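Asks: Residue strings, one per chain:
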Amino acid sequence: MKIVVAIKQVPERDAPIHIASNGKWIEDGDLNYTINEPDAYALEEALQLKEKTGTGEVVVVSAGPERVQSTLREALAKGADRAIHVEAVDLSSRDTLGVAQVLADAIKAESPDLILTGLQSDDLGLGQTGVVLAELLGIPHATIIMQVEPVDGGLKVKRELEDGWFQHVEMPLPALLTIQSGGNKLRYATLMGIKKAKTKEMKTVTASPAAGTPAIALERVYLPEKQKKTEMLTGSPAEVATKIVEKLKFEVRVL
Amino acid sequence: MSGVLVVMEQRNGAWNRMSFEALAAGQQLAAKLGTECSAAVLGSGIDSLASELASKKLTKVYAVQHDLLKTYTADGYVAALEQLLKQTSADYVLLPHTYQVRDFAPALATRFKQVLISDVIAIRHDSEGTTSPVFVRQLLQGKLNADYRHTATGPCFVSVQAGTFRAEAVEDGAAAIEAFAPQLSAEQIRSKPGEPFRESAQTVDLSAAPVIVSVGRGIGEQDNLGIVEELSKALGAELAASRPICDNGWLPMERQVGSSGQTVSPKLYLAIGISGAIQHLVGMKASKAVIAINKDENAPIFEVADYGVVGDLFEIVPELTKAVQAAKA
Ligand SMILES: Cc1cc2nc3c(=O)[nH]c(=O)nc-3n(C[C@H](O)[C@H](O)[C@H](O)COP(=O)(O)OP(=O)(O)OC[C@H]3O[C@@H](n4cnc5c(N)ncnc54)[C@H](O)[C@@H]3O)c2cc1C
Ligand SMILES: Nc1ncnc2c1ncn2[C@@H]1O[C@H](COP(=O)(O)O)[C@@H](O)[C@H]1O
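Chains as they are written, first to last, in my numbering: chain Z, 11 to 265; chain B, 6 to 334.
Think of the hints as simulated: they come from the structure by calculation, not from any bench.
None of these values were measured; they are calculated from a predicted model.
One or more hints might be untrue.
Claimed, not checked - Some, not all, of what chain B presents toward chain Z, calculated at C-beta under 10 Å: (1) 110; (2) 114; (3) 139; (4) 140; (5) 204; (6) 244; (7) 267; (8) 291.
Beta carbons are placed, not taken as given, at the ideal position from N, Cα and C, and that holds for glycine.
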């Protein structure tokens, strides 16, 4: 099975939040970047599928500026066979459809049996790129997937529903799945893997310019207002503990 | 029709309650825009659901029925709604941000060369003289808000986050029911969905617990769980967790709080090393009191906390356990 995994590079979770001067994103001068968490699970699922079937290829694709190559390189170190960097410096001015189109262009040429994406990105949180990509490629999809099992004529996947429910869905290939975090245990790159990754193919293709204007526009970003008035308790750990106990006794009344 | 169309969600004849939050949002948006609001429900054998909707303040209720819509599939829903929208040509299509909507709405929007504005937490109408509303979404796991505007011609697709609008705010009225029979064929439906199931019997009922100590990824390692277990014991609390803790198998799944876990409303919810992602918040927002301990002052958990401590849980939690034990002694 030939599997393409779409990987997004995102700021680390503890990134400092300072709003950029254009008011549309955070200052990115000294951000550290990492793989989007569910994408790491998508990669893991792809690698396990390849191992299970004993044949096939895992190709990782990421669209973005040059820095995304480091994340692709890490995916190669974990065991992906090849990487495609879709070079685009203007992703933030494209909408979901625009980003999915860029990915579709790069992936179509590969004609994979299976495409895996994360279910949602940690930074934009759209939860859409995978589904839009499937629609653009004209292939079936399933979302929020925990497990993938190859069966005759296609796949059987375990889809998460709300409130702790699940369901199985069967579908033919080629197909696209958006992968949920937590379905597998993630592997680490071995020293050997890191060494090997240096010799693996990393192809760069240039994204075609955005076709038309985006359907939606981000106008500005800002820190959220608090929904509740939070009373901050300060002091040494012991002082804070005493203050909490007082609240538990006299305000919350659980002691 | 133009105006606003709300797409309701049902399974086996039972509503997903979030649909009524989307309905409230749709009614309010239509009122602001001075236009009309209608609603659609899809399925097979859904006459009674359509009648229920007909008692709401809506222009029309579209009962979209077909045998192939009996169980949800993305292919069936996208095809049926595409046809309905082409006929009704709504300006705004509102949906609840459920797992099902995440599954089909992005594809539906793509059919119209549009982009779903997903998981919206507020709709604002601030600029006088223009009718185009501002849709607020969260970025960076809730650490940042962003204003979005629809800039294209064509329908504007919006999904609203759980808890953003109040279902009780839905206005009653009377609406005409219009049957809509989409053209669907079995070959169009490429996937075969199975019956929903649960993994294991639930033996812990967190929803009844008066005090919950809940732990998140800030705990770092499984071996560190002892300090929150001790605090929980001192307080006579149930122990709960955010999803990554249960995903890792450090605590059983049944102790997970959030959209894919349990929904709780204790007198006290003590969140330790939990960032406060929306999927967690929907499970505990209804708590009477929330205390959060987190080293990041920007953590969104503080937005819903009554009391907050910015600091290292490894320093604070053991002190708190001691103080609680002393207070009880
Ligand atoms: C479809 C879907 C369903 C989901 N369902 C659920 C669900 O049901 N329940 C759920 O919880 N999540 C759910 N999630 C995941 C959710 O989006 C978050 O990823 C998750 O809640 C994060 O867990 P966390 O807060 O423990 O971890 P993180 O977001 O990693 O936060 C850890 C926090 O610990 C703090 N911290 C670190 N070290 C310390 C220290 N020494 N002292 C104090 N604080 C410290 C950090 O500042 C940070 O805020 C779901 C996601 C999706 C997409
Ligand atoms: N620039 C990108 N490059 C590669 N994959 C992406 C990119 N943006 C989004 N994706 C994929 O789409 C998924 C969902 O992202 P989003 O729609 O932004 O929530 C991610 O988990 C990735 O798998």
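Asks: The structure should be examined with respect to each hint, and the outcome stated for every one.
Replies: Each hint tested on the structure:
no. : hint : in the structure
1   : 110  : 8 Å, holds
2   : 114  : 8 Å, holds
3   : 139  : 7 Å, holds
4   : 140  : 8 Å, holds
5   : 204  : 7 Å, holds
6   : 244  : 15 Å, violated
7   : 267  : 7 Å, holds
8   : 291  : 12 Å, violated
When the structure is compared with the earlier hints, violations turn up for hints 6, 8 and for no others.
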